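Two chains, two separate frames, one set of hints: put the complex together.
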Amino acid sequence: MADEERDVLIVGAGAAGGAMAWSLSRRKVDVVCLEQGDWVPPAMLPKNHLDWEVRARRSWSPSPNIRQWPSDYPVASYGDDPISVFIYNAVGGSTIGYAGNFWRFAPSDFRVRSLDGVGVDWPIGYEEMAPYYTINEREMGVAGLAGDPWSPSREPLPLPPAPLGPHGRLMIDACERLGWQWWPTEQAIATRPYDGRPACDLKGFCPFGCPQGALATVDVTYWRKALKSARNGVDLRTNARVREITLHPDGRAKGALYYDGEGRLQEVRAKVVVVAAGGLGTPRVLLHSTSARHPDGLANSSGMVGKNLMVHVQTFAIGRFAQPLQGWQGTWGGAVSTRQFYETDPANDFVRGFVLSINPGWSPLNLALQVAPWGAEHHAAMDAHLNHEATLFCCGEDLPDSRNRVELDWDSLDAHGLPGVKTFYAFDDNSTKLGAAMIGRARELLDAAGAVSVRDFGVSPPLGWHLMGTARMGDDPATSVTDADNRVHDVPNLFIADSSSLPTGGGVNPTSTIQAVALRCAERIWEMRGELG
Amino acid sequence: MAYDWRKEEYEVTRPGRTRIDYRQEIGRAHVPIGVERGFTVVDAERAETLRAWVSALIPAAGERPAAEEVGAAEYIDATVFLTPRLRGVLLDAVDAVDRIASEMVGERFAVTGPAEQEAVLRAFEANDPLDAFPMVRDLTYEAYYAHPRVLEVLERETGWRYEIAISGGELEPLDEHLLARMREVPARYRKV
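So the protein sequences, as listed, match chains A and B. Letter by letter, the first sequence follows residues 1 to 533 in my numbering. Letter by letter, the second sequence follows residues 1001 to 1192 in my numbering.
Do not rely on the hints blindly, as some may be mistaken.
What follows is a set of in silico ranges between Cβ atoms, one per label pair, in the way DEER data are often shown [claimed, not checked]:
no., chain 1, residue 1, chain 2, residue 2, range
1, A, Gly375, B, Glu1063, 45 to 55 Å
2, B, Thr1040, A, Ala380, 28 to 38 Å
3, B, Arg1188, A, Pro156, 14 to 24 Å
4, A, Ala381, B, Ser1167, 20 to 30 Å
So, partial list: chain A residues that the calculated Cβ filter (under 7 Å) puts toward chain B [unchecked claim]:
no., residue
5, Ser108
6, Arg111
7, Ala146
8, Trp150
9, Ser151
10, Ile172
11, Pro198
12, Leu202
13, Gln329
14, Leu369
15, Ala381
16, Ala384
17, Leu413
18, His416
19, Leu418
What the hints contain is simulated information worked out from the structure, not anything from laboratory work. Please read all numbers here as calculations on a predicted model, not as lab measurements. For every residue, glycine included, the Cβ atom is placed at its ideal position computed from N, Cα and C.
Pulled out of the complex, with its shape left as it was, chain B reads as follows (with noise of 0.2 Å):
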């Protein structure tokens, strides 16, 4: 049961795709999420680029860590280490994030501002051709909202409880007296 995608963007299955399907690559790699951890693709340089790419992708704000706080650039990085395919198509985008940023900006993505790191974005996510931004948002929205810290707050702000998922709950029951309308209609199912 697959809620979580988003229609627009969604494809099927289709034998003699050339492009890497990430959604179908990750399908069996399992990263922990709340693991300190460091990194084991991507180098120091462009460890920076991407903590400040997911941190775009979902800044903090108010009691909301930033994504980058959470440790979703190193569970990306996890997760193309559990996919060797997924590997370069990572390392070409932070590349490809960076060298956008010194055309535009003159500057490294990491130590530019939020307004020129969006304006980056954008121009990479338009002109994408390895779905490499969809993987990096993706796997950045799957570190953060499974997080105990973000899911904690999101509890405090908007009274969402996530523990009922795994511990359970309580609700009134039916209050059968609401089917009063329903019970004087006559049978009006078709006859065969």
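Isolated chain A, as found in the complex (with noise of 0.2 Å):
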């Protein structure tokens, strides 16, 4: 049943595994990856398609409970503020539903807890991530334009920004009037040719499939290049479910079992293994792999593996303006965003902060579900509404807190009878002020903008786009799961990059520090290779 041994074997082909297997593939390292879902064929993207809004909201939901693919598991919410977790079981993982906000970190997000007195500090800072959030700008194709005052000094990005359409310059004369800061938005969208991708051509609605592949989606950056970039190129098995890591007799991880698209039980054997499943199945992998050793899971000594799940304090903020806004194009990570409010202000009654980012109005099918009536007053309220639109999306930053947490749930099981998830999830007192703080504001520039009106959807429930935090990093083996090179503190050749890995979150779309920490772990990794074997 099992192969020979390879040098590394990554679980999960998401953001953080197709980062992790194109570095260590290039040095020539033999890398198998065990993916439960599979690629994502271009037919099955909703915008190829006229129906595209309908296909979202069947086949193309965000929700794993909706769209039921075979490689997904059921996902259970519970807590005060129970969250609509948004994942994508696929090669790609959920970049393949993103829309592309490529920020960094901040320094301060690094430190809240030597700055704030809230949530940890991370092992790292960000200076030892600069360099590691360059690689993966140019490996991805990150568009955008180096010199905000709000960031430390960077080198230029590798593509130019993206169109700021008529949104992006009501915002602009807003942020100009209201004398707050702004600047074009990174986002992970080829605005130019780049790397054999074509160029974003403003189809709009970038969540529901870019069918040229302009959208940096791992699938079509990291992977592609994954395949090819070793001798025979990184072993990516799709539809190969992890059913439990396996130990050998000193403890150390001896690689994984898994069932193949037929259903067979397999084993890959390797001298590394690394978890990066994201933030709700890194800690199912982990929780399901059980033994005398390691009783509650796998990784856990500190009780830390599923705890401090955060996703971020997001909304959207729509204004309606008297005039057409061309809402049918452009792209949806953001064209214009403003930090104004990021950093933690001593005026305010909570700490850390958050970021708006201005995106066209909705497409008639999710417009009509949001706001028009039925009956005879519907048609007036799709006409006052459609294509008047200009949309903020809010994102804050949530803070750690250990009840906040993920769980295996066996009263819903996955196709191969594997326990599901559980989430249970409250906003705290300090989320919940930053959340209204930060309508707030949307609602403020909005209305600096010009709208005639302004609508939000509320912070709860959860928008659970960034699940973070479940087997987080740190330098104390009590309260954490890995140390700062991402090595389990309990198991010597096994780490966990991913999502998980995050002590904090920031107050930004988390894909490009989840990737920074995948490339930097991977570096680690042949750093060590004498150590590892």
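As structure tokens, this is what we get:
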């Protein structure tokens, strides 16, 4: 059943797994990657079809409970603010349904305990992360401009920023009027032909599939290169659902048992094992990998596996304008953003902060479901809103809290009889106050832009796109799962590198940071190769 | 990325929920839009009621067709055909609407006037333990706003260019002169 022993096994082919596979394979490391999902064929992308809005609600729904792909596992949500979980299980992971907002964390994001007395500090800082951000921006193909005074100085980005569109100009004018900071948002979108990918042609509504591959989803960036980069490329096995990480008698990781596409149990062995299955998937695999040595789950001597789930405080605020706004096109990674309120302000009744990013308005079906009443007033409502809106994506920091967590759900099983997951989440007082302030500033901005009315979605139930913190890095084995190099405290050749690794989540979309952590971890594994065998 | 739900009505997955959640049921049911089809689940009499129901939700206005004209009722029928657990929900709902119409105005729903139809649907919406009303409403909206005939009218009347989302377009590149003020601002990020 088992193959020969490989150099590195990576569990998960998403944002982090893809980056690691590329980084290791270009050094001729023999890498095998197990991905429970499959490649997404073009015909599956909603945006390849006129009825893309309907497909986005069904087969492309970000909820695994709705779309029910064979690769999905059940996710249930509990707590005072139950999360609306949005994940994709496929090659590329959840990037296949993201919008490409591609922020670096700010230096302060790595030091929230030291600076603000909340959360935890990262065991590494911005300066250590910066080189990996740069590599990642080059490999993913990130569009934007260096020079933002709200960020440390940095190298030029590989691609020019995306066009603003009328909505972007509205936001700039409003920020200028208010004296607020603004800057073109960094987006993982090829604004020119780049690295074999064509330029973005502004079809818009990016999370519903980018037919030409201008959006830097990991299946068209790292994976395309990882499969070619080594002598034989990475051995990427799709439809491979990991049941458990296995151990040698001495406690070192041995490999993994997994179900293949036909449901047969298979084993793969490796000198080094990396779990990169995401904020829910990683604790799911670890908690299910129990043994006499690890009765509470692998890597869990601290009890922190599955704990400290963070999701960000997120919402949308939508301004309605008198003039038409060409809402049918433009990127959805936020043409322009403001970090005016990103850092802690002693005048606030909360710590940490948020970003506001402008996007076009909603498409007809989405809009109708949001605002158009049934009956005689239906068409008038559509006329008032369609093509007259701009949308502010609002994202702020929530802080780690051990009560917010992921557990195995033995009442809901996947197709292989493995448990689903339960999430438990509630906003704390800081997040509640931050959310209220964030919405207030969003409304202020849209008012300054000339909106005739503003609506917002509120912050609960939380939008579960950014699932972080459930196997965090740290210096103290009693309060963290891995060390600063992403090596599990309990198992010397087991690493965890993905969104679950983030001790705190900043107040911005985390993909860029997740991948920078993964690239740094891959380099550490390379540097430790003598020790690791 | 679900932009489409109404926040105030949204419920995340809750194990033990006894009602059938139509949003979860329809995830694997793809029904092409703009295709001529008949009814499979509902019989002729119920089909008449369902047609009237969807057109009460989205009535005709100017060039914009009523929902029944773009096959919304048949689309709903085809969706529940693919999701057997929802068939009973739909059939019960259609029967309930006709029963309420009979009680309120003494006629079948399909033959009453617009004001009476609205009153009947509001009564049903207010007492709908199976979530049938939002199911029919949402599926009607799907069938309507993905139909080429409707999208073409919307483009003429609102300027919404639906084909750009499929075929692509162009926008002016960023004018970096706009950044003049920002470039003069000293470094403002928080030093660590």
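Hints and how they fare:
Taking 45 to 55 Å as the suggested C-beta distance range, the pair Gly375(A) and Glu1063(B) does not conform, at roughly 19 Å. Between Thr1040(B) and Ala380(A) the CB atoms are about 35 Å apart, so this pair conforms to the stated range of 28 to 38 Å. Between Arg1188(B) and Pro156(A) the Cβ separation comes to about 20 Å, which falls inside the hinted range of 14 to 24 Å. Judged by the Cβ atoms, the range 20 to 30 Å given for Ala381(A) and Ser1167(B) holds: they are separated by roughly 28 Å.
Hint status for Ser108(A): holds, given a least beta-carbon distance of 4 Å to chain B, under 7 Å. Because the beta carbon of Arg111(A) sits about 5 Å from the nearest beta carbon in chain B, less than 7 Å, this interface hint is met. Given hint, Ala146(A) at the interface with chain B, is violated; its Cβ is 11 Å from that chain's nearest Cβ, farther than 7 Å. Checking Trp150(A) against chain B: minimum C-beta separation of about 5 Å stays under 7 Å; hint holds.
At its closest, the beta carbon of Ser151(A) sits 6 Å from a beta carbon of chain B; the interface hint therefore holds under the 7 Å criterion. Look at Ile172(A): its Cβ gets to within about 6 Å of chain B, closer than 7 Å, so that hint holds up. The interface hint given for Pro198(A) is broken, as the beta carbon of that residue sits about 10 Å from the closest beta carbon of chain B, more than 7 Å. Annotation: Leu202(A) was flagged as interfacial toward chain B, and the flag holds, the nearest CB pair being 5 Å apart, inside 7 Å.
Restraint check, Gln329(A) versus chain B: the minimum CB separation of about 5 Å is within 7 Å; hint holds. For Leu369(A), the shortest C-beta to C-beta distance to chain B is roughly 5 Å, which falls under 7 Å, so the interface hint holds. At about 11 Å, the closest approach between the beta carbon of Ala381(A) and any beta carbon in chain B exceeds 7 Å, and the interface hint on this residue is violated. The beta carbon of Ala384(A) comes no nearer than 10 Å to any beta carbon in chain B, farther than 7 Å, and the hint placing it at the interface is violated.
Interface hint at Leu413(A): violated, since its Cβ lies 12 Å from the closest Cβ of chain B, which is beyond the 7 Å cut-off. Here the hint on His416(A) is broken, as its CB sits about 18 Å from the closest CB of chain B, past 7 Å. Hint status for Leu418(A): violated, given a least beta-carbon distance of 16 Å to chain B, over 7 Å.
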